[in-house]
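J.: As given, the protein sequences belong to chains G and B, one line each in that order.
If you read the first sequence in numbering that gives the first Met the number 0, its first letter stands for residue 0, the second for the next number, and so on.
If you read the second sequence in numbering that gives the first Met the number 0, its first letter stands for residue 0, the second for the next number, and so on.
If you're looking for bench data, these hints aren't it; they were derived computationally from the structure.
Please read all numbers here as calculations on a predicted model, not as lab measurements.
The C-beta atom is built at its ideal place from N, Cα and C for all residues, glycine as well.
Every clue listed holds true.
Some, not all, of what chain B presents toward chain G, calculated at C-beta under 8 Å: (1) Q181; (2) I189; (3) C279.
When the alpha-carbon atoms are kept at most 20 Å apart in a straight line, the in silico PhoX-like pairs for lysine-lysine are as follows: (4) B:K46 - B:K68; (5) B:K270 - G:K141; (6) B:K68 - B:K96; (7) G:K110 - G:K144; (8) B:K270 - G:K142; (9) B:K110 - B:K150; (10) G:K141 - B:K271; (11) B:K237 - B:K46; (12) B:K150 - G:K271; (13) G:K110 - G:K142; (14) B:K141 - G:K270; (15) G:K133 - G:K150; (16) G:K237 - G:K31; (17) B:K110 - G:K270; (18) G:K58 - G:K133; (19) G:K270 - G:K259; (20) B:K68 - B:K58; (21) G:K31 - G:K46; (22) B:K259 - B:K270; (23) G:K110 - B:K270; (24) G:K68 - G:K237; (25) B:K142 - B:K110; (26) G:K271 - B:K142; (27) B:K110 - B:K141; (28) B:K141 - G:K271; (29) B:K110 - B:K58; (30) B:K68 - B:K237; (31) B:K150 - G:K270; (32) B:K133 - B:K110; (33) G:K150 - B:K270; (34) G:K150 - G:K110; (35) B:K237 - B:K31; (36) G:K110 - G:K58; (37) G:K237 - G:K46; (38) G:K68 - G:K58; (39) G:K110 - G:K141; (40) B:K150 - B:K133.
Number of protein chains: 2
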Amino acid sequence: MRVYLKTILTVTALFFIGACGAQSATELAWRKVALNNSVLLTLPHGKVVIELAPQFAPKHVSQFRELTKQGFYDGTKFYRVIDGFVAQAGPKDGSKKDQSVALLAMEAEFKVTENWTYTPVQNQDLFAEHTGFKDSFALAYKKAKNTHESKAWLTHCPGTLAMARNNEADSASSHFYFVIGQAPRYLDGIMSIFGRVVYGMQHIQAIQRTAVIEGDDAVDPSRFTQIMSMQLMSDVAKVDQIHLEVENTEATAFAERLVKRRDRDNDFFYKKPPPVLDVCQIPIRSRLIN
Amino acid sequence: MRVYLKTILTVTALFFIGACGAQSATELAWRKVALNNSVLLTLPHGKVVIELAPQFAPKHVSQFRELTKQGFYDGTKFYRVIDGFVAQAGPKDGSKKDQSVALLAMEAEFKVTENWTYTPVQNQDLFAEHTGFKDSFALAYKKAKNTHESKAWLTHCPGTLAMARNNEADSASSHFYFVIGQAPRYLDGIMSIFGRVVYGMQHIQAIQRTAVIEGDDAVDPSRFTQIMSMQLMSDVAKVDQIHLEVENTEATAFAERLVKRRDRDNDFFYKKPPPVLDVCQIPIRSRLIN
Numbered sequence: 000m001r002v003y004l005k006t007i008l009t010v011t012a013l014f015f016i017g018a019c020g021a022q023s024a025t026e027l028a029w030r031k032v033a034l035n036n037s038v039l040l041t042l043p044h045g046k047v048v049i050e051l052a053p054q055f056a057p058k059h060v061s062q063f064r065e066l067t068k069q070g071f072y073d074g075t076k077f078y079r080v081i082d083g084f085v086a087q088a089g090p091k092d093g094s095k096k097d098q099s100v101a102l103l104a105m106e107a108e109f110k111v112t113e114n115w116t117y118t119p120v121q122n123q124d125l126f127a128e129h130t131g132f133k134d135s136f137a138l139a140y141k142k143a144k145n146t147h148e149s150k151a152w153l154t155h156c157p158g159t160l161a162m163a164r165n166n167e168a169d170s171a172s173s174h175f176y177f178v179i180g181q182a183p184r185y186l187d188g189i190m191s192i193f194g195r196v197v198y199g200m201q202h203i204q205a206i207q208r209t210a211v212i213e214g215d216d217a218v219d220p221s222r223f224t225q226i227m228s229m230q231l232m233s234d235v236a237k238v239d240q241i242h243l244e245v246e247n248t249e250a251t252a253f254a255e256r257l258v259k260r261r262d263r264d265n266d267f268f269y270k271k272p273p274p275v276l277d278v279c280q281i282p283i284r285s286r287l288i289n
Numbered sequence: 000m001r002v003y004l005k006t007i008l009t010v011t012a013l014f015f016i017g018a019c020g021a022q023s024a025t026e027l028a029w030r031k032v033a034l035n036n037s038v039l040l041t042l043p044h045g046k047v048v049i050e051l052a053p054q055f056a057p058k059h060v061s062q063f064r065e066l067t068k069q070g071f072y073d074g075t076k077f078y079r080v081i082d083g084f085v086a087q088a089g090p091k092d093g094s095k096k097d098q099s100v101a102l103l104a105m106e107a108e109f110k111v112t113e114n115w116t117y118t119p120v121q122n123q124d125l126f127a128e129h130t131g132f133k134d135s136f137a138l139a140y141k142k143a144k145n146t147h148e149s150k151a152w153l154t155h156c157p158g159t160l161a162m163a164r165n166n167e168a169d170s171a172s173s174h175f176y177f178v179i180g181q182a183p184r185y186l187d188g189i190m191s192i193f194g195r196v197v198y199g200m201q202h203i204q205a206i207q208r209t210a211v212i213e214g215d216d217a218v219d220p221s222r223f224t225q226i227m228s229m230q231l232m233s234d235v236a237k238v239d240q241i242h243l244e245v246e247n248t249e250a251t252a253f254a255e256r257l258v259k260r261r262d263r264d265n266d267f268f269y270k271k272p273p274p275v276l277d278v279c280q281i282p283i284r285s286r287l288i289n
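Generate coordinates for the entire structure from the input sequences, incorporating the hints supplied.
T.: This is the structure we're talking about:
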């Protein structure tokens, strides 16, 4: 697997060298998060930044972006928060506001062409034949015999943002959830993931749980965590904007980090773990820039 | 796999039926957490209960229990808290208090005999040949050709409590950590797990992070989360004791829940996920009792 990865990288690097005068995609270890593709979620206890994924779920991003611009989410609450699982928010179920929003067609999977590339992480993951990254998003990939039918889908890792839905596939509208626990990979491919947390995940983890165990006092809805505001970062006053870069998962530096992470070649590992990687257990770094 | 599971259960059930007049282990869906085997961790923002695992890591539990009785942890801080990874606490590094504690021999793995049983969850997990549960603890199992060499080990799922160490295998003493993110399974078998959170995991998730991203302000140590007190539940004043039951993972009811969880036989799953289970993505329920 390691050899395979290195071969791919060398080929990719050769392809990019000389393609342009500036640094190529594989050389840049970091990439800017575009302000018009990032969202500032202000909670009572802290600020969170989401990067949207229009390249993977264009209609979901478009609708979420539009609702965000309207101030639709301001004042709504996280009404379904289950420790180790998800934190879900949205308008009051069945309210006029809730029903005012158009339903969305599922965008969980996307077809990929024969020359599609991604940064491979692991073959024969428990849930998928291949896992890896594309544009800093964790994904799974299935190559079909008929290459026209090959497909990929974003995976439910912690920090993932997806649209909730009813039982019907095409029933998402405005309710969304963050994954806050061990990756519920059984939801992969049947929920539309359209973003991920790139800053302030600890504040998502601190959202008030609404589910309690048997015998415990119910949580009064007045204690549910409220969204103070949800804004496109490009609409935020300049002084309050949060400028971020995230690791470029297409970079050789990132691929080298994967190799190191798999090797565990340091003294702490007096006995080596299996040389495998869980795509949801690879932190993608962010950093603040001026 | 499902058939295999059912077979085992039937055999186990037959074995227990008639063994005693009272309800057998496989019939009881819940089991009490013994007060002298549970620990009350009081944080500034909430109460947490840990169940210890003396059957898997006797020396670690013994030392942790002794230190807890002494009030050793009261006032210590979570000084290494990395979102998505671990929350680690202990006395000041290199302090007299720190150095006063004996080093512990590794207790990450344990040998199992031929007639050892566990509740199987998944074969060919990414990290282990077999995973399952024993006494409500998630574990992995490796059957050796020479059955005397078969072994099992607790796995690093969210909520797991383990002892930190230096590079040497037998260098743990008093510093401990909770897993707060996607299971870092690469630590399985090389760290001594000796307990797990059975109540108040949301408060562990709300512990102040000490690690920040590049460009962000460092967190002043005065903001680190302090342990108000750590007490054996049996030493807590009766009025403040928290009495819990946890799901009995040896029960037929639990095995049936696993089958359902694998099947996903409800309308929400308009397309079925792979019939696999991640042992760290199975919530083991707790409930409060009077």
